[in-house]
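Listed here are the chains, written in short residue letters.
2 protein chains.
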Amino acid sequence: MSDQIRFLLNDTDLPRAWYNINADSPVAPAPVLNPATKEPVTPDDLAVLFPMNIIEQEVATDRYIDIPEEVREIYKLWRPTPLMRARRLEKALGTPAHIYYKYEGVSPSGSHKSNSAVPQAYYNKIAGTRAMTTETGAGQWGTALAMACQFFEMDLEVYMVRVSYNQKPYRRNLIETYGARIFASPTNRTSVGRAALAQVPDNPGSLGLAISEAAEVAALSGGHKKYGLGSVLNHVLLHQTVIGEEALKQMDLAGEYPDVVIGCVGGGSNFSGIAFPFLRENLRNGQRTRLLAVEPAATPSMTRGVYAFDYGDSAQMAPIVKMYTLGHDFIPPSIHAGGLRYHGMSPILSGLYNAGLIEATAVRQLDVFEAAVQFTRTEGILPAPESAHAIRTAIDEALQAKETGEKKVILFNLSGHGHFDLSAYSSYLSGQLEDDALPEAEITAIPERLPQVSLPA
Amino acid sequence: MSDQIRFLLNDTDLPRAWYNINADSPVAPAPVLNPATKEPVTPDDLAVLFPMNIIEQEVATDRYIDIPEEVREIYKLWRPTPLMRARRLEKALGTPAHIYYKYEGVSPSGSHKSNSAVPQAYYNKIAGTRAMTTETGAGQWGTALAMACQFFEMDLEVYMVRVSYNQKPYRRNLIETYGARIFASPTNRTSVGRAALAQVPDNPGSLGLAISEAAEVAALSGGHKKYGLGSVLNHVLLHQTVIGEEALKQMDLAGEYPDVVIGCVGGGSNFSGIAFPFLRENLRNGQRTRLLAVEPAATPSMTRGVYAFDYGDSAQMAPIVKMYTLGHDFIPPSIHAGGLRYHGMSPILSGLYNAGLIEATAVRQLDVFEAAVQFTRTEGILPAPESAHAIRTAIDEALQAKETGEKKVILFNLSGHGHFDLSAYSSYLSGQLEDDALPEAEITAIPERLPQVSLPA
Numbered sequence: 001m002s003d004q005i006r007f008l009l010n011d012t013d014l015p016r017a018w019y020n021i022n023a024d025s026p027v028a029p030a031p032v033l034n035p036a037t038k039e040p041v042t043p044d045d046l047a048v049l050f051p052m053n054i055i056e057q058e059v060a061t062d063r064y065i066d067i068p069e070e071v072r073e074i075y076k077l078w079r080p081t082p083l084m085r086a087r088r089l090e091k092a093l094g095t096p097a098h099i100y101y102k103y104e105g106v107s108p109s110g111s112h113k114s115n116s117a118v119p120q121a122y123y124n125k126i127a128g129t130r131a132m133t134t135e136t137g138a139g140q141w142g143t144a145l146a147m148a149c150q151f152f153e154m155d156l157e158v159y160m161v162r163v164s165y166n167q168k169p170y171r172r173n174l175i176e177t178y179g180a181r182i183f184a185s186p187t188n189r190t191s192v193g194r195a196a197l198a199q200v201p202d203n204p205g206s207l208g209l210a211i212s213e214a215a216e217v218a219a220l221s222g223g224h225k226k227y228g229l230g231s232v233l234n235h236v237l238l239h240q241t242v243i244g245e246e247a248l249k250q251m252d253l254a255g256e257y258p259d260v261v262i263g264c265v266g267g268g269s270n271f272s273g274i275a276f277p278f279l280r281e282n283l284r285n286g287q288r289t290r291l292l293a294v295e296p297a298a299t300p301s302m303t304r305g306v307y308a309f310d311y312g313d314s315a316q317m318a319p320i321v322k323m324y325t326l327g328h329d330f331i332p333p334s335i336h337a338g339g340l341r342y343h344g345m346s347p348i349l350s351g352l353y354n355a356g357l358i359e360a361t362a363v364r365q366l367d368v369f370e371a372a373v374q375f376t377r378t379e380g381i382l383p384a385p386e387s388a389h390a391i392r393t394a395i396d397e398a399l400q401a402k403e404t405g406e407k408k409v410i411l412f413n414l415s416g417h418g419h420f421d422l423s424a425y426s427s428y429l430s431g432q433l434e435d436d437a438l439p440e441a442e443i444t445a446i447p448e449r450l451p452q453v454s455l456p457a
Numbered sequence: 001m002s003d004q005i006r007f008l009l010n011d012t013d014l015p016r017a018w019y020n021i022n023a024d025s026p027v028a029p030a031p032v033l034n035p036a037t038k039e040p041v042t043p044d045d046l047a048v049l050f051p052m053n054i055i056e057q058e059v060a061t062d063r064y065i066d067i068p069e070e071v072r073e074i075y076k077l078w079r080p081t082p083l084m085r086a087r088r089l090e091k092a093l094g095t096p097a098h099i100y101y102k103y104e105g106v107s108p109s110g111s112h113k114s115n116s117a118v119p120q121a122y123y124n125k126i127a128g129t130r131a132m133t134t135e136t137g138a139g140q141w142g143t144a145l146a147m148a149c150q151f152f153e154m155d156l157e158v159y160m161v162r163v164s165y166n167q168k169p170y171r172r173n174l175i176e177t178y179g180a181r182i183f184a185s186p187t188n189r190t191s192v193g194r195a196a197l198a199q200v201p202d203n204p205g206s207l208g209l210a211i212s213e214a215a216e217v218a219a220l221s222g223g224h225k226k227y228g229l230g231s232v233l234n235h236v237l238l239h240q241t242v243i244g245e246e247a248l249k250q251m252d253l254a255g256e257y258p259d260v261v262i263g264c265v266g267g268g269s270n271f272s273g274i275a276f277p278f279l280r281e282n283l284r285n286g287q288r289t290r291l292l293a294v295e296p297a298a299t300p301s302m303t304r305g306v307y308a309f310d311y312g313d314s315a316q317m318a319p320i321v322k323m324y325t326l327g328h329d330f331i332p333p334s335i336h337a338g339g340l341r342y343h344g345m346s347p348i349l350s351g352l353y354n355a356g357l358i359e360a361t362a363v364r365q366l367d368v369f370e371a372a373v374q375f376t377r378t379e380g381i382l383p384a385p386e387s388a389h390a391i392r393t394a395i396d397e398a399l400q401a402k403e404t405g406e407k408k409v410i411l412f413n414l415s416g417h418g419h420f421d422l423s424a425y426s427s428y429l430s431g432q433l434e435d436d437a438l439p440e441a442e443i444t445a446i447p448e449r450l451p452q453v454s455l456p457a
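Residue numbers (full-length UniProt numbering), protein chains in the order written: chain A, 1 to 457; chain B, 1 to 457.
Wrong hints could be hidden among the right ones.
It does not matter which identical chain is used: a pair holds within one copy or between any two.
What the hints assert, rightly or not - DSS-like cross-link-like pairs, simulated, lysine-lysine; straight-line CA separation at most 25 Å:
#, residue 1, residue 2
1, LYS91, LYS125
2, LYS91, LYS407
3, LYS249, LYS402
4, LYS76, LYS249
It is worth saying that the hints were derived from the structure and are not from the lab.
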C-alpha cells in the first residue's frame, strides 16, 4: 500500500452522527447576549431568525447527534470525500514529512460549506420555513445554501458583499443557476442597507453588513422566512465534523496518525470540522495531535484580536458573544484577495484557543499565493485562496520537518477549489497583488470599540 | 445496496492497459494523406509534429496497450473517477429508467482531457521533446495539457481561439497558473496567423486556425518542439478508454449493464473513451448496447456532414483524413455557446458510424441548456455545456422509457464541469441565448469545398 495516494471510503462509511465538542470541552460556554438588552438571549429571541430544531441543536450537549437520513442521502452525492497523500508536493519540498489533505472541493458547490447548508435547509424545511435568507462574502456559503434550498424546494435570498458581487460574476451566475435570488449588499431592500447607502452611496459592503441585511429580512418576514449562517455558530461547526470523522477512518486506512491537523479560519467552521474529532481523541483517548488554525495576517482575530464580548454583525443586530474579535466595525484591508474576512471567531473555538487546546497562526497573502501555486503545479488542484492559508502552513510545517529530519505526519483540510478565484491568481502571477498588513493602531483601538457588557452574577 | 448512488473503485482497480478498438473494428482504416502531396503519409511526415513513440501508438493494432507506471501514478490523482446513479434526476423525470453517469469532471483540470494530456506529455518527455505546442477552443484541452506539461517539466505554448480567449478569462488564468504561455489565435507569431490577421484584422479565430498555428510552431522548431492534439486521432481515443474500462467494472458493482451508452462528440474523444470498451463487449461478447454519440445541431458533422477525405485544419497543413466533415473551412454559428465546434470527426469513429456500429443524434442548444439546468438543480453538479449534450439525450432516452414503461439502463459520460462556462449559463437564464440553426445551404455546399483526392489503387 506504500504507493497509495487516495484513501476512499464508500457510502456505507459515511458517518451516521455529528460530533458535538460541547460534550467534551472543558471550557464552559459564555452566555450569548441580546444586542438590545444585553441580557442573555432566550430561545424566543433567536426564533425570529432560526427554527426551533436548529436552536435546540445550537445548545445541545449530547456527544453525538444523529444525521437525518434525508441529509445523509444528499451527502452521498459527494461524501465521503477523498483523503489524499500529497506525494508530489512532499517530493518537491524534499521533506521527510508525510502530508495528507482532506479534499472538500469535490462537493458540487465547491467547498465544505455544503456540509452545513444541507442540514440547515433540511431542518428549516421540516420546521415549516417557506424561504431562507443569507449573506455571502467570497460566495462559497451562498452557493452551498442555494444548492441545498433547491434540493428542498425552498426559495433563497442571498445578500452578497458588493465588492465580491462585482469581482466574482461566476459565483453570482452559479447561485442563480441553482435557482436562488442574489443581491449586491448593501441593497435598498432593508433599512440597514438603505442607511448604509445613504452614508456612502458607492458602499462596497462588508460581511457584517450583509449579515445584518439577511437577518433583517428574516426577522421582519412574520416568521415564514428564516436566516442561515455559514460559520461561527455551534450547530454549523457541528455539521462540519463529518470531515474529521471521515479523516480519522482514512488516516487509519493510510496506517498513520497526524501529529498536526491544520485548517484555515474565517468564522472557524472548516477548521473545527476537521479538528474537533481529533480534539476528542486528544481529550478522551490520550492522543496529542496539535490542532493549528490559520488566519490571514489581514484579519488576525485570534492572533492579534481581543477575547471579549462583541456584536456578531456591524449593525449590532446579531447577538453579542464572547469571542476573539477585531471589533464588529472592522473592515479588512481592501488589498486582501481571499475570503476569511469576518471580524470575529466562533465563540466555541475562541474558548478552546483561550484554554490552550488549539493553536493559531497568521500568514500573509503573498506567502499564501506562493503556496497555492506550488500546490497547483505539483498536486494539480487549484485551491481556494482561503484553503491555501492551510497549505501555506502545512508547507511551513513540512519544511521545518526537513530541517529537523522529523518524519512528521501532517493533515490539512483543503476546504475548497479556487475555480471562481482565478482573477486573484492572475493578480498574483502578474505581480499586482500586495502583501496585506494591518496597522498596529487598528489593533490597539479594538477595546474601546466593544460594547459595554455587565454580566449577570 | 439498492440505495447506493456512488460506485467507487480504488487505486488498485485503475486499468493497467488502454483498449485499442483497431484490434476489433471490422472497419479497415482509410489511408491518411499528406496535405501537400495527397499521397499517404509516412511516419517521417508525421515526425515533425509528433515523437515516434506516439506515431507508433497511432498505428498500433494490439488490442491492449500497457499504461506506463509514470502515467498511472498521475492518473491516481483523480482516477478511478466515480460512477454515479442519478437517482434525484430519475425521480424528477418520473422515469422507470436507471440513469448512471461517469463523472470525469473530478480531474484537476476539470474534464476527461487530462486522460490523454498526461500520456502525451509523458511520451514526449521520454522522447526528448523540450517543449510542446497546442491549440484550445473552449479551454479544456489547453488546461489539461498545461497541467501535464508542468508535471513533466516541459514548456507549453497554447493557441486559444480568440473569441474564447476573450470570453473565458478564467480559463486563460488557469492555464497560466499551471505555468504555460497562452496566446489569442490568430497571433502574429506564425505565418498562418499573420495571413489570417492581414485578411481580417479583428479575426475571432477558429479551432482549425489555432491548430494550424500550433502545428506551424512545432514544425518550424527544428525538432525540439512537438505538437499535441486533444481529440480526433487514434492515440487520443485510445488514452480515453480508461473511462469505459472503469465504467464496465462500476456497472458490475451496481449490478446492471447499460442498454445505451451516451457521450457528446466534437472530435470524438470522450464518447470513444466511454463507448469503445462497451463496443468491444458488443463485438466480442455478444452484448447489444446501443452506443449513441451526441453532437450540437450547430456542428452536425455526423448527422448532416459528408463522409469524405478532408483536411484536419483550415490552413490545409494537417493531414487529409477520411471522416464525417462539414468542410475544413466551416465556421460554426457564433451564437453557439458550447465547445464541440470542430468541423470534422475522428476518422476511426467516422468509420464505425458509417458501418452502423454506433449511432448519432444532434441536439439544439436551448434544449441542451434546459437539460443542464435541470441536472444542476437535481444532481448538484454544474455540467460543461459540451457534456450537457449527453445529458439532454440521456434525459430524452429516460422520458421515452417513461412513455413505454421500459426499465432501460442508461449510462452517459459527464465529461467535465462547467465552472468556467457560467457566462453561457447566465445568457441562457436571462433569455439571451438563441437556438443554433444551420442553414441547409451550408450543408449542400460541403462537397464542393473538399479536396480532390485520387486514392492509390
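Against the structure, the hints come out as follows:
1. With identical chains, the CA atoms of LYS91 and LYS125 are at most 25 Å apart between copies only, with a shortest distance of 19 Å across copies and 48 Å within one.
2. In this homomeric assembly, LYS91 and LYS407 come within 25 Å of each other (Cα to Cα) only inside a single copy, at 14 Å, whereas the closest approach across copies is 50 Å.
3. Proximity of LYS249 and LYS402 under a CA criterion of 25 Å is satisfied in neither setting, with 27 Å inside one chain copy and 42 Å between copies.
4. Proximity of LYS76 and LYS249 under a CA criterion of 25 Å is satisfied in both settings, with 17 Å inside one chain copy and 20 Å between copies.
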